[in-house]
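Chain order of the listed sequences is A and B. Just so you know, we're using the UniProt record's numbering here: the first sequence kicks off at 1 and counts up by one. Just so you know, we're using the UniProt record's numbering here: the second sequence kicks off at 1 and counts up by one.
I should point out that these hints are in silico values taken from the structure, not numbers from a laboratory. Please note that the accuracy of each hint is not assured.
Same chains, same names: a pair is fine if it fits in one copy or spans any two.
DSS-like mimics (lysine-lysine), calculated; alpha carbons at most 30 Å apart, straight line [as the list claims (entries may be wrong)]: (1) Lys-340 x Lys-225; (2) Lys-253 x Lys-28; (3) Lys-3 x Lys-227; (4) Lys-225 x Lys-70; (5) Lys-227 x Lys-35; (6) Lys-4 x Lys-27; (7) Lys-225 x Lys-35; (8) Lys-340 x Lys-253; (9) Lys-340 x Lys-4; (10) Lys-4 x Lys-218; (11) Lys-3 x Lys-28; (12) Lys-253 x Lys-218; (13) Lys-28 x Lys-227; (14) Lys-4 x Lys-70; (15) Lys-28 x Lys-340; (16) Lys-28 x Lys-4; (17) Lys-35 x Lys-253; (18) Lys-35 x Lys-3; (19) Lys-4 x Lys-253.
Protein chains: 2
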Amino acid sequence: MSKKLGRSTIEMENAPVIRASATVVGKKEGEGPLKEEFDLINNDTSFSQETWEKAESEMLREAVQTALQKASLNSSDVEFIFAGDLLNQCIGATYGLREFQIPFIGMYGACSTMAESLAMASIFVDNGLASNAVAVTSSHFCSAERQFRFPLEYGGQRPPTAQWTATASGAAIVGTEEVSGMNVYVRSVCMGTIQDLGITDANNMGAAMAPAAAWTIKTFLEDTKTKPSDYDLILTGDLGQVGRDLLLELLLKDNISISEQHDDCGLILYDRESQDVHAGGSGCGCSASVLCSQILRRMRAGELNEVLFMATGALMSPTSVQQGESIPGIAHLIHLSTRKGGN
Amino acid sequence: MSKKLGRSTIEMENAPVIRASATVVGKKEGEGPLKEEFDLINNDTSFSQETWEKAESEMLREAVQTALQKASLNSSDVEFIFAGDLLNQCIGATYGLREFQIPFIGMYGACSTMAESLAMASIFVDNGLASNAVAVTSSHFCSAERQFRFPLEYGGQRPPTAQWTATASGAAIVGTEEVSGMNVYVRSVCMGTIQDLGITDANNMGAAMAPAAAWTIKTFLEDTKTKPSDYDLILTGDLGQVGRDLLLELLLKDNISISEQHDDCGLILYDRESQDVHAGGSGCGCSASVLCSQILRRMRAGELNEVLFMATGALMSPTSVQQGESIPGIAHLIHLSTRKGGN
């Protein structure tokens, strides 16, 4: 049975295991530094569908299917699936998951969705409500671009602070049963509060989300009485370069330095020199695909033992921004470890 | 500690209590049959805001604030809040909840959100992860109309199968501590799977959602080995007249008759004769406001003892409908009882 710790942290008792994970990505992501890490790379980003939205659903569906195959599970072996995405009314997830007939709990956390879903799946498994639960999310550059910004055909210019929405999906299966070899356990989760420091520039999401990331890491360290050096990696979702710098600065005001442990999925997914992604990658699929490929692989290989995965979300819509609202952010955190218990 | 029962039901062990509930509605809802039941009625539906979207956020904020006041709780007494709504990127909830600084878990279940959020809040309380958790959702006729259909100024005609999106918000606080007088307990929850029988008419949401409702009620009865006559009321969220008829018909094929116990929030909220709402009310706020006002009041008064509250959601978007997709539905169920245990 999980235990509440301090303000916002939930500690797992039975250390749920990441039984398998899978990633499906688009062409650009498949040309980046992680190209050897993904399960499937679609070379025209359409996933053989007629529209970008259907392409996103298909990509998410393939990620779940691949994860099930890697874990040698049927969809009927999974009790609950937690999922969401950036598309209006979360149609990436709802249409992508339709065929599986797994009880579905829809989430919305913008780009924090992978951490949010993984947290809920872990809580369900740890409390005996599921022996297997899936967490999955996605984003697609083309569906996001026309929904949040301009149709691709418009060819709008992007400022240096802008980030590149990843065409990617990542799925993870959390379960009770250990796998052979090194296991990755979910040790605790920390759920964020909404933070809003008044950023109104929708082309600077990293800055809008950094205060939420600072709140969550600070709260988690307090709740667990741990320090940054207890972790090998503190990984944010998609702050990009601008948001990362701001996060480090905000934490330093509270005398917390994470610069040695910190990295950001938005800075890992692409080669910023050659791939023209400006401040870095973004989108639900950015952190999901980096976590579910390289990070979990490196943990299983014993290269990383204690990882804090913290995905951040900007809780705005094009409508709220047009109406002059500032951009609230949120960050949820997952403590992953190759050790089942103790410190 | 909650217990998984059968395919998709989760039984509470400690019978979490609904400590308080609150409803805030618009003018039309305040002129309907439930006008004496609501906590706040806003007479111009703008909630003193400049836009319909901000009005919806303000309405949701007021519902949470009123529920907290009724339970004599501060926001710092609430460990987690589960919320979502119909607006793109759920901005009704995110902007409405920003000021409370309660750890926030964003949900998306379309019009099933009240049941989905209440299920998650109950699971958290039952497993000792929160002593108080809030479930809240909202919908606003004007923000929904322009997002899903046409701007109000267009004056589009509505077919007889169309439903009327309620301007309403309902919030419920689930907790461990009983209140004075009659208590309402959450006894179990049943999470739905996505059902899609191929309906493509976005003006006939009731029909699109009915198969999901049928799946969930059937699964719940099987999982709990109970029958419709064990309940005083089986309440769907917003099927309206067309969806209700279809639900009864679908269940009869499985030899399940709920016609004596069944009612629908979409048929309770308005006077269909005089209020011109066609097939009935809809929107996340429809079932939330009916549950959190009349239904819980009648339970506390001992008029109803065993209630199944099942909210249904249509998991489409205007984009998916325009692209020719059919409309998947989902339904989540909450078993509420004035009895703490036993049958």
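Structure-based check of each hint:
no., hint, in the structure
1, Lys-340 x Lys-225, "within (18 Å within a copy, 38 Å between copies)"
2, Lys-253 x Lys-28, "neither (37 Å within a copy, 50 Å between copies)"
3, Lys-3 x Lys-227, "within (20 Å within a copy, 36 Å between copies)"
4, Lys-225 x Lys-70, "neither (36 Å within a copy, 35 Å between copies)"
5, Lys-227 x Lys-35, "neither (33 Å within a copy, 54 Å between copies)"
6, Lys-4 x Lys-27, "neither (42 Å within a copy, 42 Å between copies)"
7, Lys-225 x Lys-35, "neither (37 Å within a copy, 51 Å between copies)"
8, Lys-340 x Lys-253, "neither (33 Å within a copy, 49 Å between copies)"
9, Lys-340 x Lys-4, "both (18 Å within a copy, 24 Å between copies)"
10, Lys-4 x Lys-218, "within (16 Å within a copy, 35 Å between copies)"
11, Lys-3 x Lys-28, "neither (42 Å within a copy, 45 Å between copies)"
12, Lys-253 x Lys-218, "within (11 Å within a copy, 56 Å between copies)"
13, Lys-28 x Lys-227, "neither (36 Å within a copy, 55 Å between copies)"
14, Lys-4 x Lys-70, "between (32 Å within a copy, 26 Å between copies)"
15, Lys-28 x Lys-340, "neither (37 Å within a copy, 56 Å between copies)"
16, Lys-28 x Lys-4, "neither (41 Å within a copy, 43 Å between copies)"
17, Lys-35 x Lys-253, "neither (37 Å within a copy, 51 Å between copies)"
18, Lys-35 x Lys-3, "neither (39 Å within a copy, 42 Å between copies)"
19, Lys-4 x Lys-253, "within (27 Å within a copy, 46 Å between copies)"
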